[in-house]
Structure formats: C-alpha cells, structure tokens
Amino acid sequence: EAGVAQSPRYKIIEKRQSVAFWCNPISGHATLYWYQQILGQGPKLLIQFQNNGVVDDSQLPKDRFSAERLKGVDSTLKIQPAKLEDSAVYLCASSLDRVSTEAFFGQGTRLTVV
Amino acid sequence: DQQVKQNSPSLSVQEGRISILNCDYTNSMFDYFLWYKKYPAEGPTFLISISSIKDKNEDGRFTVFLNKSAKHLSLHIVPSQPGDSAVYFCAASEKGNNYQLIWGAGTKLIIKP
Numbered sequence: 001e002a003g004v005a006q007s008p009r010y011k012i013i014e015k016r017q018s019v020a021f022w023c024n025p026i027s028g029h030a031t032l033y034w035y036q037q038i039l040g041q042g043p044k045l046l047i048q049f050q051n052n053g054v055v056d057d058s059q060l061p062k063d064r065f066s067a068e069r070l071k072g073v074d075s076t077l078k079i080q081p082a083k084l085e086d087s088a089v090y091l092c093a094s095s096l097d098r099v100s101t102e103a104f105f106g107q108g109t110r111l112t113v114v
Numbered sequence: 115d116q117q118v119k120q121n122s123p124s125l126s127v128q129e130g131r132i133s134i135l136n137c138d139y140t141n142s143m144f145d146y147f148l149w150y151k152k153y154p155a156e157g158p159t160f161l162i163s164i165s166s167i168k169d170k171n172e173d174g175r176f177t178v179f180l181n182k183s184a185k186h187l188s189l190h191i192v193p194s195q196p197g198d199s200a201v202y203f204c205a206a207s208e209k210g211n212n213y214q215l216i217w218g219a220g221t222k223l224i225i226k227p
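Listed in order, the protein sequences are those of chains L and G.
Going by this note's numbering, the residue at position 71 of the first sequence is 71; the numbering climbs one at a time, nothing skipped.
The number in this note's numbering is simply the position in the second sequence, starting from 1, with 114 added.
The hints are simulated quantities; they were obtained by calculation from the structure and are not laboratory data.
Virtual Cβ for every residue (Gly too), placed ideally from N, Cα, C.
Take the hints with a grain of salt, since some may be wrong.
What the hints assert, rightly or not - Some chain G residues judged to face chain L by a derived CB distance under 8 Å, without partners named:
#1 E156
#2 P158
#3 T159
#4 F160
#5 A219
#6 G220
Can you build the whole structure from these sequences, using the hints too?
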C-alpha cells in the first residue's frame, strides 16, 4: 500500500515570497491533515479536511496560509507571503475517517525562510 | 497552554533494558491517547494507543499505561533495541474537539549498545 506522498522535500525561500506544498493521501482515506512542526515542538494542526470540506481550520493563519483539497483527494497548502517564523516542517497526514485515531504521515516538507 | 507535556527532552537507555517514556496532560476530557515514533527526515508513525476507559494496553515489546487520576501516561519498551532510537511523541484527542490530536514536544530516546 502506497503511503502519503508529499513534495517537495525541501524548500528555501526569501521572506515575502510565496510557496506551495502538495500532498497525495493514502487511497480511500477521507480525512486529510496539514500540520506545522517547528523544531523542538510537537506537530500543530493547521487544517483538517473531511473529503473536500474543511472540518477544522481554527489554527490556520488565514491572512497568509490557504489550503484546498480538490475532488477530495490531493491537497495543496500555500503560504503567501512567507515570514521567517514560518520556517518549519510541514507534515501531511491522512486517516480513513475523522474518528480514526491512527493517522498516517508523509515525510514532510522542510521549509526554510531566509 | 500546553495540554500535553513531555518533560524529558531526551532519555538514554542501555540496550536490553527497559525504556520508560512519560507524558502528562491537563485536559480531563481527552478520551484517547497515542504514541508515535519518528525517525530523522521521516514523518511520525503510529506505535500504540489507549482508550481512556482502559489503564493498560500491550503490543509486543510496547506497553502503554494510563493513570487518569494523575493525568499521566507512560510508554514502556522492553527490551530496548538499537532500532528503538527515535523521537517519541505522545498525543491525545477529544471527541468533542473533532478528535483533533494535541501533541507533546517529544522525547528523544537513545539506545546505547
């Protein structure tokens, strides 16, 4: 079974530039998550999708972050404009449904904003 | 406000001995607890979980204990193996909060040969 795919693996951008991350969840998983993990901290949920609808985006900085999940499969997370404090690993995860407690994670995208 | 705390940033254990990783939480409404393991440059992988109605769950070398009165859980690894060297995250979820996982900061476990 293929796992959660994310790209790119690494990205370096200057502050005020924009960046986009892509995620392909495990086939058949209805729930998709985007997490931000800052060095030395645990992952923090940014947004949760159930199929192509948003379940929770309460911690998403909506003035600069946006995410979409077209057709309830792939998802993209965008940051525009980026700030230095956005430097982190961005993790995508998926689960069968939102009551499943086991989520499967991709390898993450390490973003460095300089 | 850290609802899930892992107070030990790192832990070093001799191969073959028991590793005990600890986690404390403040939200009494959490009803499910999970441990994830993370190797460098990889995403976290699910290890073991426990429902709040239980006080122990065992899976091979891994056992999780839950003490609700103390709001404390622990992960025991017996015997510890070199491949267990990783960062271990404790996470908790609440039905009333969309089952959102709240994560601790992680404990880096180092198994010495």
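Given hint G:P158 near chain L, where the shortest CB pair must fall under 8 Å: Holds. Min distance 5 Å.
With chain L as the partner, please determine if G:T159 meets the hint condition of a C-beta pair closer than 8 Å. holds, 7 Å
Against chain L, is G:F160 within 8 Å by beta-carbon distance? Interface hint status for G:F160: holds (5 Å vs cutoff 8 Å).
The hint names G:E156 as touching chain L; please verify it with the least Cβ-Cβ distance against 8 Å. holds, 6 Å
Agreement of hint G:G220 with chain L interface, Cβ distance less than 8 Å: holds, 6 Å
Was the hint right that G:A219 lines chain L, CB cutoff 8 Å? With a closest approach of 5 Å, the G:A219 hint holds.
Comparing the model with each numbered hint stated earlier shows that all of them hold.
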